[in-house]
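Participant: One-letter residues, chain by chain:
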Amino acid sequence: MWNETMIRMLLNGLCDTFYMTLVSTFFGYVIGLPLGIALTLTDSGGIMPNKGVYRILDVFINITRSIPFLILLILVMPLTKMIAGKTYGSTATIVPLTLAAAPLIGRMVESSLKEVGHGVIEAALSMGAKTETIVFKVLISEARTSLLVGATIVLGTVLGYSAMAGVIGGGGLGDIAIRFGYYRYETGVMLVTLLLIVAAVQLMQGAGMLAAKILDHRKQA
Amino acid sequence: METTSIEIQHLYKTYSSQNSQVKALRDVSLSIPEHEIFGVIGLSGAGKSTLVRCMNLLERPDSGKVILGGQDLLALNKKQLRLCRQKIGMIFQHFNLLEQLNVLANVCFPLEIRGIPARRRKEKAMDLLQKVGLADKAKAYPSQLSGGQKQRVAIARVLANDPGILLCDEATSALDPETTKTILDLLKTIHNTMGITIVIITHEMAVVRDICTKVAVLDDGAVQECGNVAEVFHAPKSKAARRLLLMGDKEE
Ligand SMILES: Nc1ncnc2c1ncn2[C@@H]1O[C@H](COP(=O)(O)OP(=O)(O)OP(=O)(O)O)[C@@H](O)[C@H]1O
Ligand SMILES: [Mg+2]
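Listed in order, the protein sequences are those of chains A and B.
1 is the number of the first residue of the first sequence in my numbering; add one for each residue after it.
1001 is the number of the first residue of the second sequence in my numbering; add one for each residue after it.
For reference, chain A alone in the conformation it holds in the complex:
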């Protein structure tokens, strides 16, 4: 069974998995980063406190975060079809993956940005900094390590979700694992797929942590 076609299929699966994970995480940040910033700014200790806005965002994130991914996958199928033209395959899976990642990312970003001490924010305010300067030059810059660690966690989670999407033919390694391991009882193929998934998570974890470490200047050099 270990012929060229099989190997090519596994490699394609690996590429598809990376493709889904990276693209969904990217779009997840397009939505989640502003969300996290808005949460940080509007919370009671933030620089633009606004109870109403904070509560709405907070509840919205809590609701979307509590929908199990498999159910979200099915729930948004009409939207997926509208955006991607079909509901199966790796490109289509990016839609539910992005929607699952965005609120998670919003929370991650919020918790990272809130680690930035109030003192530096006040110092920037006392210099007459604009809100956008504080967001980009103080909050995001100072929280970079924590943000990168968060991104690493997000990547791992999204990769896990992408494998779950295999159940409905979502493409990638999860898809292969389910087709061969579950429907055809080819345990060998399934194990190899699993190994590849583990390796992919490890790789991203390692790269993320390394980047976080290199960019951190807080520790004594």
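Just so you know, the hints here were simulated from the structure itself, not pulled from any lab data.
Treat the hints loosely; a few may be bogus.
[Stated by the list, open to error] Derived DEER-like restraints, expressed as beta-carbon distance ranges:
1) B/E1123 / A/G117: 22 to 32 Å
2) B/N1077 / A/V30: 28 to 38 Å
3) A/F136 / B/S1044: 29 to 39 Å
[Claimed, not checked] When the alpha-carbon atoms are kept at most 25 Å apart in a straight line, the in silico PhoX-like pairs for lysine-lysine are as follows:
4) B/K1124 / A/K137
5) B/K1087 / B/K1131
6) B/K1214 / B/K1237
7) B/K1137 / A/K137
8) B/K1188 / B/K1137
9) A/K219 / A/K114
10) A/K213 / B/K1237
11) B/K1237 / A/K130
Where a beta carbon is used, it is the ideal one built from N, C-alpha and C, also for glycine.
With chain A held as given, fit chain B with the ligands onto it using these hints.
Facilitator: For chain B with the ligands alone, kept in the frame of chain A given last:
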């Protein structure tokens, strides 16, 4: 801002939480002429930080007026306030440097806020680092500096905008007596060469004695007495001043 005097009129500030109210400032009025080194002394919780934070509106008073160089700060809109704050420097007990930026970038930061081009920023920042004696640390990160060095960086940073007023909230309280002395000397030099108005918030008698010409004694959110340092320390009229004096003597 043409002149750099500070006029505080009938300032009130109350912090309320669910079950308690703290009157942090109760009818505080102060008049600080330009070029003065003015001390505000008081015990912990007296309202010193609240008062100094009202001077650049990091804290908004409930009522009263804050007039800097003839300009009523509470009458300014957001943008005007931002521009005005660029001329009011502030340094802090815990320095509040940007930990992810090196020393040079920290000093450049206020210039960046003002939109000064990168080359001029660097020149000016190096100049200021020279002034505070840290030119050799330009590429170091704050985590690699001692407390005294961090405060020097903070001072260089605050001077980048050529402020007319410098607010110091317990700027030496995290430092040992020796380092405190060098920081105060640096502040004196700055005062002599640039002639800016300096407000020193502290709970230490020694600091006021060393550097201030006038002092206000704050207790329980109100000014207990105010006058020349020598007079207040020689013949304190208020109970609060006598208590502070007693404590200061014990420390020495
Ligand atoms: N943000 C806040 N919320 C609630 N209460 C506050 C707040 N800031 C200050 N207070 C209270 O107001 C009072 C005055 O505080 P402030 O920080 O001005 O004192 P301080 O003289 O600077 O004291 P310290 O020497 O300890 O710094 C204190 O009782 C403090 O608990
Ligand atoms: Mg204080």
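Participant: All hints are to be evaluated individually against the structure, with a verdict given for each.
Facilitator: To see whether the hints hold, each was checked on the structure:
1. B/E1123 / A/G117: 22 to 32 Å: For A/G117 against B/E1123, whose Cβ atoms are near 30 Å apart, the range 22 to 32 Å holds.
2. B/N1077 / A/V30: 28 to 38 Å: With Cβ atoms ~33 Å apart, the hint holds.
3. A/F136 / B/S1044: 29 to 39 Å: For A/F136 and B/S1044 the Cβ distance comes to about 36 Å; the hint holds.
4. B/K1124 / A/K137: holds, 20 Å
5. B/K1087 / B/K1131: holds, 19 Å
6. B/K1214 / B/K1237: Roughly 15 Å between the alpha carbons, so the hint for B/K1214 and B/K1237 holds.
7. B/K1137 / A/K137: Satisfied, since the Cα-Cα distance of roughly 22 Å is no more than 25 Å.
8. B/K1188 / B/K1137: holds, 23 Å
9. A/K219 / A/K114: Status holds; Cα separation ~20 Å.
10. A/K213 / B/K1237: Outside the cut-off at roughly 58 Å; violated.
11. B/K1237 / A/K130: Status violated; Cα separation ~45 Å.
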